[in-house]
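Okay, here's what each chain looks like letter by letter:
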Amino acid sequence: MPFIPHTEADVQQMLAAIGAPSIEALFDEIPEALRGASLEKIPSGLSEMAVSRLMRERARQDGGALNFIGAGAYEHHIPAAVWEIATRGEFYSAYTPYQAEASQGTLQLLYEYQTMICSLTGMEVSNASMYDGASALGEALLMALRVNKQNASGRVLMPQAVNPLYREVVAATTPAQGVQPIAVAYDPASGQTALDALKAHGGSAPTAVVIQQPNFFGVLEDVDAITDWAHAQNALLVAVVNPVSLALLKAPGQWGAKGADIVCGDGQPLGAPLSSGGPYFGFLTSRMAHVREMPGRIIGRTVDLEGKTGYTLTLQAREQHIRRAKAKSNICTNQGLLVTAATIHMSLLGAQGLAQVASSCLRNTAQLTQQLTAIAGVTRVFSAPGFHEVVLRLNRPVAGVLAALAEADIFGGYDLSERYPELGNALLVCATETKTEGDLARYAQALTAVLQQQA
Amino acid sequence: MPFIPHTEADVQQMLAAIGAPSIEALFDEIPEALRGASLEKIPSGLSEMAVSRLMRERARQDGGALNFIGAGAYEHHIPAAVWEIATRGEFYSAYTPYQAEASQGTLQLLYEYQTMICSLTGMEVSNASMYDGASALGEALLMALRVNKQNASGRVLMPQAVNPLYREVVAATTPAQGVQPIAVAYDPASGQTALDALKAHGGSAPTAVVIQQPNFFGVLEDVDAITDWAHAQNALLVAVVNPVSLALLKAPGQWGAKGADIVCGDGQPLGAPLSSGGPYFGFLTSRMAHVREMPGRIIGRTVDLEGKTGYTLTLQAREQHIRRAKAKSNICTNQGLLVTAATIHMSLLGAQGLAQVASSCLRNTAQLTQQLTAIAGVTRVFSAPGFHEVVLRLNRPVAGVLAALAEADIFGGYDLSERYPELGNALLVCATETKTEGDLARYAQALTAVLQQQA
Amino acid sequence: MTEALIFEVSQPGRCAVAQNPGAGVDHGGIPEALRRRDVPRLPEVSELQAVRHFTRLSQRNFSIDTHFYPLGSCTMKYNPRACNTLAMLPEFLGRHPLAPESHSQGFLACMFDLQEILKEVTGMAGVSLTPMAGAQGEFAGVAMIRAYHRARGDAARTEILVPDAAHGTNPATAAMLGCTVREIPTDANGDVDVEALRAAVGPQTAGIMLTNPSTFGVFERRIHEIAGIVHEAGGLLYYDGANLNAILGKVRPGDMGFDVIHMNLHKTFSTPHGGGGPGAGAVGVSERLLPFMPIPVVGRQGERYRWLDEKDLPQSIGRLSAWMGNAGVLLRAYVYARMLGREGLLRVAEFATLNANYLAARLKEAGFELAFPARRASHEFIVTLKKQKQELDMTATDVAKRLLDYGFHAPTIYFPLLVPECLLIEPTETEDRQTLDSFVAALVAIWDEAKQDVSKLKGAPYTMPVRRLDDVRAARHLDLRYQPAA
Amino acid sequence: MTEALIFEVSQPGRCAVAQNPGAGVDHGGIPEALRRRDVPRLPEVSELQAVRHFTRLSQRNFSIDTHFYPLGSCTMKYNPRACNTLAMLPEFLGRHPLAPESHSQGFLACMFDLQEILKEVTGMAGVSLTPMAGAQGEFAGVAMIRAYHRARGDAARTEILVPDAAHGTNPATAAMLGCTVREIPTDANGDVDVEALRAAVGPQTAGIMLTNPSTFGVFERRIHEIAGIVHEAGGLLYYDGANLNAILGKVRPGDMGFDVIHMNLHKTFSTPHGGGGPGAGAVGVSERLLPFMPIPVVGRQGERYRWLDEKDLPQSIGRLSAWMGNAGVLLRAYVYARMLGREGLLRVAEFATLNANYLAARLKEAGFELAFPARRASHEFIVTLKKQKQELDMTATDVAKRLLDYGFHAPTIYFPLLVPECLLIEPTETEDRQTLDSFVAALVAIWDEAKQDVSKLKGAPYTMPVRRLDDVRAARHLDLRYQPAA
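Residue numbers (this note's numbering), protein chains in the order written: chain A, 1 to 455; chain B, 1 to 455; chain C, 1 to 486; chain D, 1 to 486.
Excised from the complex, chain A in its bound form:
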């Protein structure tokens, strides 16, 4: 019996202590008709050796390609130390730190995380994580609705340049509580969310304005103007940001005259492997004035009965296990281990390392753009400056080109034509610091060949 330590002697002695004739008897309160699942469709157990073989073979099926897809999940180098430490049993197999005295490791680490992510986003308070960037945006909008008593309409100006998958998650999870996302178009030339487009919805007393920087197209938005405009409407400005970009880009807390009100995003670029989309973690920061409306766990520093510094969960009165139906969110389990990894990751990179990573991403994407747009039939779509993704237009349907590249073990990018048909044969491409000159050249050669072949 894998993972069950009982010997036959144990079982007999334990039953005797209980005064039960058999293990089955322990279930005698359950109606007999319900008992006895057979689980026929489940195969017999495998030894660790056999399951290792199976999983290695399956993993091998999927590996080996050179990846230029970003679109919200970014391939970055992760220092070896990050996961060697994060998967230590003491972090990996601990529960939520309810018993603070026996959880000072996790708690101090989370306090350090809160410090780092506040500083990176330029905000005052952070929680200890949400599920991912998309759900963090959903929670940020619900929080905005609680905070913004002045404009409580629930209307949220939501640029179409915000990650479409995030918008779908918002649509699935927030309308029941009154959030009404209002689509705001992007400028087809620059790729930016134009202030004018926002102004067209200005009369509707928006509760919040969302802005993603860089936006889904990798294009940089005019965040200062938009933030000031949102505040002029008495709307909260909710920022969605890529944490790696913040090494070079203005912190949301400094956008416009007063800064963003709530900042969220996906922490994946900070030490989470691509891993098929998860586990990642969402971050959410805000101003101290709004701390009591924040969802999720928050760690505070305090003292013990001898006056020694320690760390503990605080403001639990916001949470579901205390407040139940009136809680700020139903979130309970979050993404603690990913935050552990991110904290180690940020410590190993430092501001200097993160800035180098961001610069490398910029350079690589610029260089790749140059090489790809030198190919006949490939053009750049947007004019505004960007961060580390770029939209290219091909002279034929993207899906076929991507399939041909995949046969050469190159993932050429994300096909925008399904969610943005108005852009035509548009492809979103990303080259992070992990790409070498050889990689860029390999992509360019392969694309040249594919376009020639399909021509």
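The reader is advised that the hints may include incorrect statements.
The calculated BS3-like cross-link candidates involving lysine-lysine, where the alpha carbons are at most 30 Å apart (straight line), are [unchecked claim]:
#1 389(D) <-> 41(B)
#2 119(C) <-> 41(A)
#3 308(B) <-> 387(D)
#4 308(B) <-> 456(C)
#5 311(D) <-> 308(B)
#6 456(C) <-> 456(D)
#7 308(A) <-> 119(D)
#8 308(A) <-> 456(C)
#9 41(A) <-> 311(C)
#10 308(A) <-> 451(D)
#11 41(B) <-> 451(D)
#12 458(C) <-> 308(A)
#13 308(A) <-> 311(D)
#14 308(B) <-> 119(D)
#15 308(B) <-> 311(C)
#16 119(D) <-> 41(B)
#17 119(C) <-> 308(A)
Simulated restraints on C-beta separations [as the list claims (entries may be wrong)]:
#18 200(A) <-> 195(C): 52 to 62 Å
#19 7(A) <-> 365(C): 31 to 41 Å
#20 102(D) <-> 418(A): 37 to 47 Å
#21 386(C) <-> 306(B): 13 to 23 Å
#22 232(A) <-> 102(C): 49 to 59 Å
#23 8(D) <-> 224(C): 43 to 53 Å
#24 306(B) <-> 389(C): 28 to 38 Å
#25 370(A) <-> 37(C): 21 to 31 Å
#26 102(D) <-> 60(A): 19 to 29 Å
#27 387(C) <-> 24(A): 50 to 60 Å
#28 195(A) <-> 306(C): 34 to 44 Å
#29 8(D) <-> 393(C): 33 to 43 Å
#30 153(C) <-> 232(A): 14 to 24 Å
#31 476(D) <-> 441(C): 28 to 38 Å
These aren't lab readings, by the way, just hints derived from the structure by calculation.
For each residue, glycine too, the CB sits at the ideal point set by N, CA and C.
Chain A is fixed; fit chains B, C and D onto it per the hints.
For chains B, C and D alone, coordinates are given in the frame of chain A:
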């Protein structure tokens, strides 16, 4: 500067404290002509990201084959927990436990290891490891020479059925101290070391008789008779064993009437990955009467000044750092981390698991032998029962067959023809518990094809 | 010893050089106005400093790998290391969520198999793996119930019934979906008050959320009757899978009449809790809810696996995460399920229940009062220290803190809220009898200490990195990030 | 708390089932007489029990990853985690030592590159990577010296000269090769007594084994003269690389005139010590010793790498291990060398020396007596507590044990043997200045404690899992394995 934490301010302040104008000045006692290596041939440093890419590419070059080579290094399943725990920083980055109070983890583990390996070999005392099986045999012979005052000739009866690489290591490392290995032939029909062959050297007052069980051909020796004969000659019996086989085979401590005197071997099958031949570890066990002649570190249980149980290095007076030129061996650094892994490995398998592994190996090799000898041109060479390796004879040179199999990503075994030309086109094949029925069939099919093709 | 904050060992200009990609910093085409003005306060430490700091921090945690952790309702059982190793194979870690299906067959096969396994163990008709934790699974479940009623034009069903003993996430989730919550009382034996339920249902009933066994650690015996009442009234039944470990391989929620279930894979399928997550809250549904499952789901066509999304499930409640939720956690759960297999899964509840009943019997024998002495324990049970509180002023908190000194993590305390001074104890099936015996001995010793001098307990813990912490101060004087003295 | 022996938590019949290959036990064709009769005493524990036991044991160790570890002569510097991760890539772990060269080009390329790097940093003509530790490297070195003389028909050269301050392995190694050992005294400044050396050499001289800087932590200034004397007498010079970190990138043994050198890659190239090993003791040789290198060595022909063995090096001293020594350790060293690269390797000695001289200066300032106050420290230096021993009865052991309570591993004590009550302190280049300052503060505090009451120190340590252990009892009442009470 990778791994150097000094800031420019640190350096200046430290130099000021020293009273030196520059770092270079700290080397002013070294003749100037010697200073200033340029290391021109060494490439510039790589980031961890770049070196990871390089190593992953190199690793990929070597992977993917199905391995049927044994010949002293065996592919076994290693539970995931083994190396996840063994590479925890506290084990991985600790030194030899000179400060016992700050090393109780390693010391208690080594005491547990000594218990396990003593029990497995049926002996009374164990050291805390040698470099590998071959060097353990060398040290065992030197120890025999110290122990056996009655027959101090240094002549050691060394069957040719002992792993030839072990014999080469013995030849390279022990003659300077007086060991004279005398080759003893094996029986060409059975593959065993015949008692008669040993008796032919009986007059030479041997200091020790070596016997490997199973021997290099995977054949089982008549250990009881040989042990008794050795003792009748006042020779010590030095056993070389595969620890996994001891789950099924008689413990050397029980060989013959009095048991082996010194037992050694390679601990690799107990949790060390193949890893190109190392790091593995050698084990060495003996009787309590000889403990003061043992080489290497030994851990003892003792008490602290409050009477609490603790563990410490003991009998250090045998060792080089105390005894210098009169030490029992020059060994200092041993293979501690491999012993750590082996101890966890043995704990996870237990006697029951180890017996199942050994049985699976037996079955798989038997089944493979059946399938391969069913192929025209393949015959079994030796008649005596064996453990998990078998010698097969092909109807053409082995090297070419192995090369053809390698092209199909199958490592077909070890070519015996170089070191045992008298055996003709002989191949040593091994199938451990890691091999599935599909693997065996794949080998049989490939060999059939190769032999047909080359016919 | 205290461990300094990593910011306190930082030095301006220091960094772990090997982690820099090597090239310098430049801003490419970023316009001046959009550039960062300050340097973020990230640590400036060497690689050794970071490794040492976080390794030392880790040692300041209790965890399953180091301590018995009988935290009721949390199912802290052994997390097999192989699950971690195999989920972290480089190819799995490197797979982009948008990788083409041609390069995803290995991963998709695992997800498809896991869906099938979860269908079988729960007795449901379909499974979606995307919810990222139990609470999100609950959200998905209630959203599907809502979508089902709406699809039938039955928009008035907005009330969710919840027993008073339910987890806090149940009412919180219902509220997030705009439902009203009505509590149903529990009787003295821990069962739902069926008459009260009967009186509560009506045309406004969207459904009931039920944990079975309940948070009292006892099995709801009249589950069939409850299902009948709710279904007859037009409502659906939601199974909160937090306590699924109690019935795994023994009873299937589908067979009890539930329409939807979430599973905490980080409990029942032993993926790690990670100090607070990640979890995975897969949902299973009966036939009638199949069209509403959250996307994506994995389908199979012949030998090929493929994603099913809005095109395949146009009535889906939609996406709860950008991609496949916590895919890496799902891989761990899959490896676990394959190692246990049919025989192993059939035994989980049996041995979890054996351990709980044994521990309950031993504690009862030692004089502790069980909250439901007349009932079988499920995988967990409740001790109430009401008597000890009155007689000795020994509280559940005191016992919890003192247990830490004895080398045991504390049980869940003060939950469920309805039982005074309660310890909710869940040993799980992976603990051996000797450990349970030592835990009994520790509780007896602590009670003895209280009889001698309860102040000993009030000062506990003594052997942790800190003594008892001041939670009130933490909430009053909010100190939520490090700010160096000006 | 104590941690029970794993045998004490064993239960007959228990095992970690997932680790069994699944099939039953049978003896195949093993004859009855050769079968095992008893069941070996291996633990009978669950996987959780094993994981918990060994995880808890690990926490009872000091290590670089958790503590400053200034153990002189041991070079306890940071072991980059990437070296471990990359050396443990599945393909490297899975490579059989006898795998064909066609499937070994990746591994062989790494080994060839490492040979080239080590040649360059040592200034030697050839490198063999096979020795598995420093002592085996020494063995290889002396064996090559012997083989060289023998090949020239000069069989009388059987005496090895060793300074009295040498590591114990030096004379032990010489003895293992059947050489006689003659000690050469050291002068008051830590240099070899050159006149004594001059008197000692002769036709019997096989060579001299020298550590430079010596175990006194000072550089042998007359090394050129020494080399001349020994070479002129017909002997060879052996460089004990234990202290190579002191000169790495600064001075090359080849340039000093050495004929052969071993390198402790687990010191200078930062592979882990693993609680006692594995190490790697690669040897480098001058032109004249090239034919004698231990096999195998890796060669390159065009773009292909291949093994060189007895066929290529017929005069080789032979094999020291069955295959390529501690190959996995060599991979780690290779990754380390590539991450440092030329610039990084040039800086190792500089910063190791800066740290040592800084620490020496600070301790001197605090009143501690340096053994060689007139000399520059190399990468390490010696404090003698002779004065404190006399005045306060504060011994090196007392300080070492008390330091543990302050969270620092002790320096090497009582070595070199010639300096009374000595602490041999090696901070390494990877420690930051703040850590060094804290270490000084701890030593000062301990000295202060001794001034108050030296018995405080005699009782140390207080905060470790055990108090001071009785080593005498351990040696007198040998208890070397667990045997249950009958």
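- Item | Structure versus earlier hints - violations, ascending order | Structure breaks hints 1, 3, 5, 7, 11, 13, 14, 15, 17, 19, 21, 27, 30.
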